[in-house]
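K.L.:
Taken in sequence, the protein lines are chains A and B. Mapped onto my numbering, the consecutive letters of the first sequence carry residue numbers 1 to 428. Mapped onto my numbering, the consecutive letters of the second sequence carry residue numbers 1 to 1094.
Don't read these hints as lab results, they were simulated from the structure. Misleading hints may appear alongside valid ones.
To be verified - 25 angstroms max Cα-Cα, derived DSS-like pairs, lysine-lysine:
| # | chain 1 | residue 1 | chain 2 | residue 2 |
| --- | --- | --- | --- | --- |
| 1 | A | Lys-324 | B | Lys-952 |
| 2 | B | Lys-625 | A | Lys-324 |
| 3 | B | Lys-93 | A | Lys-94 |
| 4 | B | Lys-49 | A | Lys-94 |
| 5 | A | Lys-394 | B | Lys-49 |
| 6 | A | Lys-394 | B | Lys-45 |
| 7 | A | Lys-304 | B | Lys-1006 |
| 8 | A | Lys-304 | B | Lys-952 |
| 9 | A | Lys-304 | B | Lys-1000 |
| 10 | A | Lys-304 | B | Lys-831 |
| 11 | A | Lys-304 | B | Lys-625 |
| 12 | B | Lys-86 | A | Lys-394 |
| 13 | A | Lys-94 | B | Lys-70 |
| 14 | A | Lys-394 | B | Lys-47 |
| 15 | A | Lys-324 | B | Lys-828 |
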Amino acid sequence: MSRTDLSRRHFLRAAGTLIALPALSSLGFKAFAAEKPVSQPKRMVFLGFGYGVTNETWFPSLKDTGADYALPAGLAPLAEHKKDFTIVQGLANKFSDEAHWGSTFWLTGANRYAQPGQSFHNGISADQVAAAKLGMDTRYGSIRLDCANASDSGHGPGSMAWDARGKPLAGHENPVAAYHRLFSDETMPLARRQALLAQQRSVLDAVLEDAARVRRGLSRADTDKLEEYFQSVRDIELRLSKDEQWLDRPKAKAPFPPPKPGLAGKDEIKVMYDLIVAALQTDSTRVLTYRQPVSSLLASLSVKVASHDMSHYAPGERMEASQKRDLEQSRLLAGLFAKLKATKEADGSSLFDHTTIAYGSNIRTIHYLDNCPTLIAGGGAGIRLGRHIALQGKSTPLCNLWLTLLRGSGVKVDSHGDSNGTLKELTA
Amino acid sequence: MPLRRLILLPFLAALAFGAPPEARIDEKHRAFLKEYCVECHNADKQKGKLRLDDIALKLDTVQLADRWQKILNQVNSGEMPPDDSKQPAPVAKADFLEMLSGTLVTARKTIGDAHGRITMRRLNRREYKNTLRDLLGVDLPVNELPADGGAGAFDTVGASLFMSSDQFERYLALGRQAIDEHFIRFAPTKALTIRTEAEAYANPRITKSYADRVDCHERYVAWTKAVDEAAARPENSPIVAALAAEKKGDATYRYYQWQRIPGAPSPEKFGYLDAIHADEQGRRNWVHYAPHQRAYLANPATKTGSFLTYEDVFANPYQPFNVPGDWPAGRYHVRVRIAATADTPKSRHFVEFGPMHGAVASTHAVTGTMERPQVLEIPVTITTGGSRGFFLRERGSFDSNERAHQIFGEALRRNGVGPEFALWIDWIEITNVDGQRANHKQRREVELHANAMVGGTYKGYVKGGHEAAQAFLATGKPQKDIPDAQAAKFRIKVFEENGPSFRRYLEDPLTKTGAYLTIHNVHKEEAITLPPDQPSGWLKTKHVTPTVLPGEYVLRLRIGATPDAPKERRYLAVGTRLSGEEDFTLLETREVTGTTTDPQVMELRVNVTADSPRTFILREKREVKLDLERYQAARKETGMGPPPALWIDWVEWEGPLTAEGKAAGPTPVLTRGAGRTDEDQARACLADFARRAFRGRSAEQPFLDRLMGIYRAGRQSGLDHERALREPLSVILASPGFLYLSEPNPGKGSRRLDDLELASRLSYFLWSAPPDAELLRLAEKNTLHEPVILGAQVDRLIADPKSAAFVTGFTHQWLGMNRLDFFQFDTKLHKDFDDSTKAAARDEVYQTIDHILRQGDSLHHLLKSDYVVINGLLADYYGLSEVSGDAFRKVKLPKDSPRGGLLGMAAILAMGSNGRDTSPVERGAWILRKLLHEPPPPAPPNVPQLNRLEDKLLSTRERLSAHQEQPQCAQCHRKIDPLGFGLENFNATGKWRTTETYEKRGVGRKTWPISPAGAFYKGSSFKDYFELRDQIAAHPEKFGRGFTESLVEYGLGRPFGFLDEPLATAILTEAQAKDYQMAAFLRALILSETFQTK
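Here chain B stands alone, though its shape is the one from the complex (with noise of 0.2 angstroms):
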C-alpha cells in the first residue's frame, strides 16, 4: 500500500521527537536551484535582490517563508527561470513545486501554530440564535449578525470570530428584541382595548352646530324683517332711497345702517351684538356652512359613522380620539375601520394621522371602499407624559386655515354645498400590543378563492378575451384591450392553447369541495395567510384576528392525491413569501400519502416573528422553470396541461401556541415574589437572569448596580415595573458575561478547567447551546469532571435532540457542505434536481451523520456501506422502490448499488460540479482533503490558465488532460483528477450514468462512453468507481484521521495544531479499539485532558 506509506510516515517521525515538524527543504534540491537559477541569483548578480546561492533550506521565520512564496509564485507563473534560459524537464519542474509548495503548507503552519493555545471566543451566530431560544425561548432571525467562520477556519474558532461596533449594536437590538418576545410569549400583560364610534363623536357636535346656525338664520330673518318692516313705512322712503344709491345692489347695506332707518330694531334684541355680528352668524355662515351640514346630516353613513370634512369646525375636519389616560405607557395598535367615497378622486384618499395639536406623523393611503371597508393599523408609542391625544384628518384638509377656507369656497360656489365627503370612519379601536394573547384558529375552504380566481380568468381574460377577438375580426372595431389584429390572433390563441385546461380545472367535481394544485396555468398554488395576508386579490378572506402576534403557529391543510398521480408527483412543497408574486423560499417538502378519495391531514409548525413572512404557498414539489415547457409537451398529446395531481380541501391555520403547551420551555424570566418592593424584585430578577444567562455565573454587584440604574431611569420616565426592567434585561445579553465563552488563565502555563467551564464546553460542542440545568446542577456539585458522570453527561447529550446542531454545524463546515449553494443547478438539463431534491440530498448527509453517531455505528459507513438513510423523495431519485414518506429512515441497499456511503449522495456529488457539468477536479481534491486526508495546497495564484482545448469536442477527460502539460499544473493534478474521473458515472446531480455527452455552441455534440479507470499517483489502480470506492474505504484510519483533526479544531475551537499530534492519535486508538465508532471519536476527545484544560 504505497499510498499509506506515504501519508503515515512522515507523521509517525514527528510524533517520535514529539515536536513539531519542521518546514525543511531536502539539501538535494540545491541541485535544482543551481541548476536553473544560481546564474543570476548569486553573490555577484543578484538579480531582483535575490541570492538562491545560499538560501536557507529551514522555512523558520515569516521572511524565509515569504522569501520561498516569491521562488514558488514566480516558477509557478512560468516566468522563471526565463525563457532563454535552461528549462528543467517537466517531472523534475513539477516534482519540485511539489515539493515547495508541500513544505510552504507546513512552514505557513509551524509558525502559524498557536502552541495549543485556545483564544477566548464569543459565541457565533448559530450557537448565539440557540443560546436565546434555550434561555427565552423565542427563535429569532439573526441574519443580519455577520456570517462565521472565514480564512478556512470553523465557525467555533476564536481567532477567527471578531467583534465591532456595527455588531455590538446588533447584540443590543437583538437582545431587546428577544426580551420583547419572551415578554409577549411568557408574561403577557392584561388585555387593554377601546373602541370608539366615529359617529359618538361627530354627530352631537354637528347636531348641535345646525341646531345653532337654524337659530341664528331664524332670528336674522326676524331682525331683517322687522328692519324691512320699518324700511316699509312711508315716512321712511327717502332714507331707504338714499341707502340704496350709496350701495348699488347691496341688499344687505340697509341692515348695516339699520340705525338711520327709523323704528328699525337693534340686533341686540334678537341676540346680536351689533349689525356685523348678525349678518356674520345669520346670513354669511347660514350660507357658507347650512347646506353643508344639512348634507352631512342627511348623508345615511353619518348614522353609523362620520365623514372627515374640510374647514367646517363645527362638522368633523378632524376625528379626534385618546388613549385613556390610566393605560401605562407602551405599545399600542390603533385601528381604524376606514372608506373612501366611490365618486371622489383617489388624490383625495389618504388619512393623515398625528399628535394632537402637533404635527402629522404619518399619512396611509384609504383603499377600502363604502362596501367593503378597510381597517388601517397604526402602531403608536405612548410615552409618560407624552401625547395621548391622536387625530385622523383628510390629507391636506388643514395644512392652514387660508388653503381649509379657500378649498371649501371652491367647492362651494361649484357645487353649492362644500367638498364632497371623501372619507369615512366606522370606528377607532385601540388595544395594547402585548396584551394577554388569544389563541385564534381559521379554516378556509380553499375552493372560494380558487374558483374566483381561475373562474374569473377564464371567464374575464380567456374566454372574454376570445370573444372579443372574435367580435373584433367580425367587425374590424377594436374591442376591449383588443386594439389591433395582432392582438385579437394572440388572444384567440391564449384561448385555443388554455381554455381546455381551464375548463377541466372547472367542470372537475372536486373543484366545488377543494382546489387541485396545477403546473404551470390554471391554479399552481394555494396559500395559507396568517393575518393580515390575504390569499390573493380576488376574494377578501374575513379573519379572526387583524393580525396575529409573534409565536409558534400550527399550519394545517387536507390533502389528497389523485389516483392517476405518479408516485414522483405526490410530494407537496412549502415555502414563505415576503412579496412579490414568484418570491418562494422551500420550507420544506412533504410526501402526499393521502388520495382525493381519502385525503390526508397535514401538519405543519411555523415560527412567526413580527417581520417574518405570513403567506405560505403550498405547491406541488417540481422545477418550476421548466412549467412552460411540461405544460406544452403535455399540450401537444392531450391538448391540456398535465392532469393535476394533488388536491387540496381546507387549510387551516392557529396560534400563537401557548408556552404553557410546550415541554420544558425556559423558565419565565419575571416571577414575581411575594410581599416585595418592585426593587428589590427588579434586583432579583436582574441577578437571577444575569446567572442564566452567564451560564452559572454570578455577575457582580457593580453591575448589578449599573442595571438597576438603568431599571430606576425608565421607571422615572414613567414605564411601569416590567417595561423597565425589559431595558436591563437586554443589556445582560450584551455584555460580555454573556457573548463569550471566557476561561480565565492568569498564569503561564495551562489549568484545569472548573466544572461551569466545561459543562460549557461541552454544551456547545455538542448542542452548540449552553448547558442545560442537569449540566448545571452536575457542575455545582462539582462531579461534571469525574470521568463516569462526564461519559453519562456525553451519552446523554448525543441523545438528545439538541446534537443535531453539532451534526448540521459540524458536517456542514467539515465536508465543505457550502458549495451546495454555489450556484443554481441547470434544471433544464438536471430536470429533477429540484429545490426540494437539494435540500433533502443535503439532508441525507446530515441524517446519515446523525443515524450513524446515535446508532453507534461507524465512521467507515461514510465511506462505503450497505445502507443508506433516505426519505420517500430521495429513494424515488435513486430509483430505490419501497420507500415512501417524509421520515428519513435507514434503507438497506442492493447488492449492486453505487450508493452507501459519501461519496454516493447526491449532495456530495452535486458539489463536485458547477450545476451543469461534472467537476472532476473538485471531486478528487475533495476526496484528498475529505476522504484520504492527503489535502493538496491552496490553488497558487497566477498559474497560466489552459484553455486550448476549452472548444474542441473532447470529453471531459480529455479536456483535461491539458492539467498534465504544465509542470505548474500537474505537481497538483496528477493526483487530483484521476480520482475525479473515477466518479465520471455519477452526472452532475450525482445520477448513475453511463455515457457523457458534451454540446458546444457552434461546435457540436458529441457522446463517449465513460472510463473511469484510473490509478491513485504513485499507486493502486482501479478499474472503476466500485473498486476506488473499495480503496479508498479500506483506509478508515485516513478518514478517521481527518475527522479527528476537523473534530479537535471543531470542539476546541482553535485549528489542529502540532502539539495535539499525540491527543490525534490517542483518539484515533480509542475509536479503532472500538471500530471507528464515531460516538467513540467524541468520547475520547471529550474526556482528554486538553478539552478539560485551558
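Chain A extracted, bound-state conformation (with noise of 0.2 angstroms):
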C-alpha cells in the first residue's frame, strides 16, 4: 500500500467518518436493467414547483373527497391517470414563514430560526434521506436537477435538496449536462480510466494536506465553516470509491440522444422527465429531485405576466395566467406518468409501479404557506393511489408524508423533520 492509501484512509478515520462502501456483492449485478434482482427496486421522485398553484382550480373540493371525487380543472389532464395518484389536503410546513420559497424548506420542515447565532438553518431533505439508503447500489446516489435562475422561480435560496449538516446540494440546471453526467460513454481506456481516478486521489490527499495547515488555530465557528470542505472532499472520496467499484462496467446506454441544448420552459421540462425516466429506466440512480422552473415556463407559453406577478394573481390576466401554468405542469406530469407506466420492468411490472412520486410546492398560492399543494403518484412505497384525502385542520407536518413515503419505500427512519407521525390515512 502506498503513502497516499494510507494517509488518505486515516484522513477519513480521523475525520470521523464511518465510510460504509457497499459490498461488492451487492455491487456485482444490478448495473443495467437486464441485470435486475427478482424484486424490483424502489425509486423515489420529487418534483417542486416554486409559486404554488392557483388555489380556486387546482384543489378538489373539501367536501369531495374518497375514490370518486371530481378532477379540478388545474388536473384536467391528468384525467386517463386518476386512479393512479392521490391527491392530499391539509399538509404544512409549520416553521415557513418565507412567502417566496417555495421549496428551501419542502422537504425538509426545518426551522430557519433554529439556531440561535444564526440567521438561517437547514435540515436534511427527505430525498438524501432516502438516498441514503436506496442509492447504496446504484451508479448515482441521488441526481438532482435544477432550472436557472431558481429564486425568479418562487423557490427560494440554496437547493431543494439538502445534505446531512444542512447544506444546499447543487444540481444541474442544463439538460444536455445532466444528459451526459448520465449516459455519455468513457471514451478513456481502463488503464487511463484507473491512472485518472489514482490522480484524483492524489489531488485530493494534496488539498488535505493546505486544509490542515488552514485549519489549525482557527476558532470554533470558523473550523466548522472549513468542515464544509473536508466534507466536499469526503463526498468526492465517496464517489472515486464508488467509482472505482463501477470502473469497468460502462455506463448505461441512454434510450434517446442528447438533448438539444438552449431547450427552456416546457420543452426544458419534458426533456428533464424523459431523463427521469431514463435515470430510473437505466438504473443510474433510485432518487431524483428536481426543481422546475416557473418563470421559463410561463414564457414557453407565451405568458407575458412575469412569474412574481403571476403568483399574486387576481381574477383577469394573472389568474389565467396562473391557471394557464397549472394546466401545463398537469399535462407535463401527465406525460411523466404515461412514460413511467409503458416502461417494463424485467417482470413486466412497469417502473411506475416501483416509483415514488411527490409532486408540490411550498407553497400553496400566493403568499399562502398552508395546505401546500401535494399530489402522490406511484406504486413505490405502497399507497393507496386514486383518492382525494382532506386531512383534519390545515397543518398536519408535511414531513408526516416525507416519512410515510420514506418508510412505505423501505428506508427506515425514526421521524424526520418536524414529523409526529406517519400519515395513515394514505395506507388505510
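Take the two lone chains and join them into the complex the hints point to.
P.N.:
Okay, here's the thing in C-alpha cells:
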C-alpha cells in the first residue's frame, strides 16, 4: 500500500466518518435493467414547482373526498391517470414563514431560526434520507435536477436538496449536462481511467494537506466552516470509491440521443422528465429531485405576465396566466406518468409500479404557506392511489408525508424534520 | 420631526445600555390578549394547546419566538380571533400586529445575532473571478459556480457561503482551465505544424498497384495464350472436347486443367505459383480492380488530392497520417481539407476518424464541395505511449471486410467500375494547440456579404416570387413555391410591401462601398465574426486563420450616421450571438458621432475564451420587438420602411493581443531559472505560485511534497516539464489556502489581524480582488496597519479603477438592484426602454456612486442633487439636451428637474414596477428600506389577498386603497403606500407623467390626473414628489445609517449585529463631520478597530 493510500484512509478515519462502502456482492449485478434482481427496487422522485398553484381551480373541493372526487380543472390533463395518484390536502411546514420560498424547506421541514447565533439553518431533505439507503447500489446515489434563476421561479435560496448537515446540494440546471453525466460513454481506456482515479486521489490528498494547515488555530465557528470543505472532499472520496467499483462497467446506454441545447420552459421540463425516466429505467439512480422552472415555463407558453406577478394573481390576465401554468404542469406530469407506466421492468411490471412521485410546493398559492399542494403517485411506497384525502385542519406536518413515503419505500427512519407520525390515511 | 424621533429614540436607548435591545412586548399589550384571546387560551381551556394568559413577553428563545410567530400568523391570516367571537377595532388590531411583527424582527435578529463573530469565508463568485484575473491574467466566465448570497445576506457574508463536492469539482476544473489559458497567453510553446498532401500517400501506392496489376494481367494473358496455342494443336482436340464437356460454359476451366493438355506451359514459367494463383491475380483481380484503379488515376482530382475508396486496399480506403514521434504529448488540432463530390448521395458524405488499428473515434459530416472544399478541424490529444497514427475513411467503408466487398461488388456490377468516389481529401495538417500565437488581423468590406444577401433575397424571394406569382396568375400553372392562388397573392403582397425598401437599399450609392443597418427588413444587422464563424451563409469569408485562440481581441468598425438620422437613432448596439438567428446578448451600446460623409472608426475590446461567442452582432439600438410595428407605420407614410440611420464601411478584428501589450499584467507562472534541474525548478515554481495564490502566505512542505508527487506522476506518464506542472498548479487553485480568507483565532477573545490578513480584508473590500504587490510589500514590512499608511492605501485603492468592483458589487446588493432583472419590460407600452436604455439606466446608478466616491462628494447627493451622471443615451431618455457621447459625466440639471438623486433615476423607478405598471408598494417599501432606514417587516405569509377592486376601472391609488381596509394589511401599508403614491408622476420606466391611464380588457379605459400628495405615517405631509424628495433629503443621517450598516455587513462579511451599534455611531459621527462624504464612511470603517480585528 502506498503512502497516499495510507494517509487518505487515515484522514477519513480521523475525520470521524464511517464510510459504508457498498458490499461488492450487491454491486456485482443490478447494473443494468437486464440484470435486475428478482424484486424490483424502490425509487423516489420529488418534483417541486416554486410558486404554488391556482387555489380556485387546482384543489378538489374539500367536501368531495374519497375515490370518486371530481377532478378540478387544473388537474384535468391528468384524468387518464386519476386512479394512479392521490391528492392530499391539509399538509404544511409549520416553521415556514418566507412567502416566496417554495422549495427551500419543502423537503426538510426545518426551522430557519432554530440555531441561536445564526440567521439561517436547514436540515436534511427527504430525498437525501432516501438516497442514503436507496442510492447504495446504483452508480449515482441521487441525481438532482434544477433550473436557472430558481428564485425567479419562487423557489427560495439554496436548493431543494440539503445534505445531512443542512447544506445545499447543487443540481444540474442544464439538461444536456445532465444527460452527459448520466449516459455519456467513457471514451477513455480502462487503464487510463484507473490512472485518472489515482491522480484524483492524489489531488485530494494534496488539498487536504493544505487544509490541515489552514485548520490550525481556527476558531470553532471557522473550523465548522472549513468542515464543509473537508466534507466536500470526503464526498468526492466516497464517489471515487464508488467510481472504482463501477470502473469496469460502462455507463448505461441512453434510450434516446442527447437533448438539443438551449431548451427552455415546457420543453426543458419535458426533457428533464425524460431524463428522470431514463435514469430510473437504466437504474443509474433511484432517487431524483427536480426543482422545476416556472418563470421560463410562462415564457414558453407566451404568457406575458412575470412569474412573481402571476403568483399574486387576481381575476383577469394574471389568474389566466396562473391557470395556464397549472394546466401545462399537469400536462407535463401526465406525460411523465405515461412514460413511467410504459416502461417495463424485467418482470413485466412497470417502472411506475415501483416509483413514488411526490409533486408539490411549499407555497399553496400567492403568499399562503398552509395546505401545500401535494400530489403523490406511483406504487413505490404502498400508498393507496386514486383518492382525494382531506386531512383534519390545515397543518398536519408535511414531514409526516415524507416519513410515510420513506418508510413505505423501505427506508427505515424514526422521524423526519418536524414529523410527529405517519399518515395512516394514505395507507389505510 | 416626528419621523425622526421615532427611529432614533430606540436606537439611542440601546446605545446607552451598550447591550443588544430586548425583544420585549410591553405589558400594556396583555390587555389586547386578555380582551380577545384568553377566553379560549387560558389555564383551563387550552385551545390548540396554547395558553396566552401567562405567556412570556420577553422573546429571548427560539421556542418563545416561534410561539409568538404562530400567534402573529394566526392573527395575520384572519383565523384568530374566530369570526364568532369578539373582534378588535381595525386600528387597534393593526397597531397590535405592527408591534408584534416589529418585535419578532428584533427577536429573530437578537437570537440570531452572531455577537460580532466573523465567520471565515471562501471567495465568492465575483472575487474568485477577479482573483484568477489578477493572479493569472485570464478572464474566465465562472457562471457554472453557484450564485452567492441568498437569504437576504450580502455575497461577502461567510456564514452564507457554502461549499459542496460539486462546487469543489468545479473549482478544480476552472482552476485547470485558468492555468491552461495562462500558459497559452504567457508561456507560449514553439509552434509545431506539419502538412501532408493526401496524394503523396495514395498516388504512389495506387500507381504501383496498377502497374503490378497490368504486369500480372499481361503475364496471365501470355500464359493463357500459350495454353490456348497448345490446345489448338490437332492432336489435343479430344482432350479439349472432354474438358469443355466437363464444365460447360466455363472458358477458364481449361487453364485450371492445363496439365491435362500436352504441351501447355506451366504458370510457374509466367511467375505464378499455380493455376489458381494465376487466375486470381491475373484475371479475377484484373476484372475486379483494374477499372476502379484506372478511374481513380484518370480523375484529375487525384493529381492534387486523393479520394477515399472502398475495399480496394491498393487504392485508398484508409487515409493514414501520423503525429511525428518527436512531438511532445499534448493537444493538437488535425485539420483536413476535404470535399464531397456532387453526384454521390448525401448519406455518403461523412468521414470517420480514429486511431490507427482502433475503433472510430468520431464521424464528421462533410459539407465542402469540390469547388469549395471545407477545412474540418478535429482535436486530438496525444498521450505518451498512446497512438500517434490516425486514419480517415468514408463512413461505413470498412465496417467489415465482407460488407466492404459486398458494396464494392454491387457497384461493380452496376457500373463496371466500383463505388463512385464520394470524398476527396486535399491535405491533412496537424498543429499543436498551444503553439506560439500569431497576431492576426482581418478586415472585411461589409458590402460584399450585405449585397449578396439583400440582392439575393430581393431577386430570389421578393422580386422572383412576384414574377412567379404573376406567371401563376397568368397561366394558372403552379410555379416554384407557388402552388395556389393564395400563395401567389401572398407573394405579390410581400413584393408590394417590401420591394420599395429593398430597392431603396440596393440603389443607394453608399451600399456600393458599405452597408446600412435597417429596421425590420432588408439588412437589420452586420456582424464581426472571429474564425471559424461566418457572417452569413450567403458568402464565405476566407479567414486568415481557421480558428482563433483564447485571448483579448480588438473589434473595429468604420461607421457613420446618415445626415437625417435623429439623435435617438445614432446609437449602435453591439452584442454577442451563440446560436440561432435571433440570439443577441447586449455587450454595449455606443453613440455614433461619425457621419456617412465623415465616418468614425469605433473600437472595442472583447475577451474570447475557448467556448465563448465569436460572432459579434452590430445593430441600430432599438427595441427589436417593435420592428414590425415601426416598419409598417413608416410604410403607411412613405411606402418604405424607416430610412436607415447607420452605415458601416468596414469591420475588422485583430488579436489576440499579446501579454506584453498589457500594462502591469501578472507575472507569468513559469519563469525558468538558469542551471537548475527540472525538479528544482518545478518545486520553486509551485512554492512561488502557492505563495501568490495564498496572498502572501507560504505553503508548507508536506503540501509541496504532494504537489511534487503529482508533478512526478505527470512526468512519468510522459508529460513534458511544463505540462506536468499544470496539474499541481491547478490543485493550488482548489486548495483552502486559495479559496478561503482564513484568519486563525484559537483564543476565546478577539485579536488584531496581522498585516497580511489586513491586506486581504482591505483589498477584497475595495477591489473584490487580492492584494497587489504594494499592499503585500507593506504587509511584509508590517507597516500597513499604521493609520497614516493605511489611510493612504485606502485612498490609493479607491482611486484605482479596480474599486469599480466595490461600486457595482456593493451597490447592486445594497440597493436591491437585482429587481431590475425580475421582469421583461413591456416595450409596447414603454417603447424607448429597450435593453440598451435599461443597461445605461443601471449604469447610471453605479456611475453616480462611482463619481461620488472618487470625487469626494457627499452621500446626500444620492438623496437630492443638482447634477446627474449620465451619457448621451440617457440624456436623450431624460430629455436633457447638450449631452452626447458614451462616456458618463457629470451634467448640471435645470432648476426644476425631477432628476438628481436616486429617486429620480430610471433604474430605481423601474425597479418599482412590474415592467408595465408602477408599483407604489415596491417603491414605498424601497424608500423605507433604503433611504429612511425604517424597513417594513417581511411580507407575512397567509395574509388574505384583496382582489375586490382588481377588475374595476380605478386609478392605482384607488385600487390600493383596499390595503387600508384590513388591519393585517394596514399595519404595514399605511406606512408604505403613501410614499409610493408620491412617486406616481414617474411611470413604470421612470419617465415623467402627469396623468395615468388604466386599461382593462373588457372593462374599458380611463385617464386620471396624478395626485401625488400624501403624508408620512404619523408624520409630515407633502404635496408632490418634490416635497417628498426634500423631506427625505432632510434626513441624511437615516440614509447614512442604513448605508453604514450595509457597508459594515459587506466589508466585514457578517450581518450587522447589535454589538456594532457603537461602530456604526462612530462611523456616522466621523462621516458627519465631513458632510457625509462617501469615502469618509469607508475610511472610518477600515480604520476602525473592528475592521482590523478577528
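K.L.:
Could you run down the list of hints and mark each one as holding or not?
P.N.:
Evaluated hints:
For the hint pairing A/Lys-324 with B/Lys-952, the CA-to-CA distance comes to about 23 angstroms; that is within 25 angstroms, so the pair holds. As the CA atoms of B/Lys-625 and A/Lys-324 are separated by approximately 24 angstroms, the hinted pair is consistent with the 25 angstroms bound. Our distance criterion of 25 angstroms between C-alpha atoms is met by B/Lys-93 and A/Lys-94, whose separation comes to about 24 angstroms. With a C-alpha separation of about 15 angstroms, the suggested pair B/Lys-49 and A/Lys-94 falls inside the 25 angstroms cut-off, and the hint holds.
Pair hint A/Lys-394 plus B/Lys-49 holds up; C-alpha atoms about 16 angstroms apart against a cutoff of 25 angstroms. Note on A/Lys-394 and B/Lys-45: the hinted pairing holds, with a Cα-Cα distance of about 21 angstroms set against a maximum of 25 angstroms. About 22 angstroms separates the Cα atoms of A/Lys-304 and B/Lys-1006, which keeps this hinted pair within 25 angstroms; it holds. Note on A/Lys-304 and B/Lys-952: the hinted pairing holds, with a Cα-Cα distance of about 21 angstroms set against a maximum of 25 angstroms.
Proposed proximity of A/Lys-304 and B/Lys-1000 is supported: the alpha carbons are some 15 angstroms apart, at most 25 angstroms. A distance of roughly 16 angstroms separates the Cα atoms of A/Lys-304 and B/Lys-831; the hinted pair therefore holds under the 25 angstroms criterion. Restraint check: the Cα-Cα separation between A/Lys-304 and B/Lys-625 comes to about 13 angstroms, which is no more than 25 angstroms; the hinted pair holds. Between the alpha carbons of B/Lys-86 and A/Lys-394 the distance comes to roughly 23 angstroms, so the proposed pair stays at or under 25 angstroms and holds.
The hinted pair formed by A/Lys-94 and B/Lys-70 meets the criterion: a straight-line CA distance of about 9 angstroms does not exceed 25 angstroms. Restraint check: the Cα-Cα separation between A/Lys-394 and B/Lys-47 comes to about 16 angstroms, which is no more than 25 angstroms; the hinted pair holds. Of the supplied pair hints, the one linking A/Lys-324 and B/Lys-828 holds, its CA atoms being roughly 23 angstroms apart against a limit of 25 angstroms.
Of the numbered hints stated above, none is contradicted by the structure.
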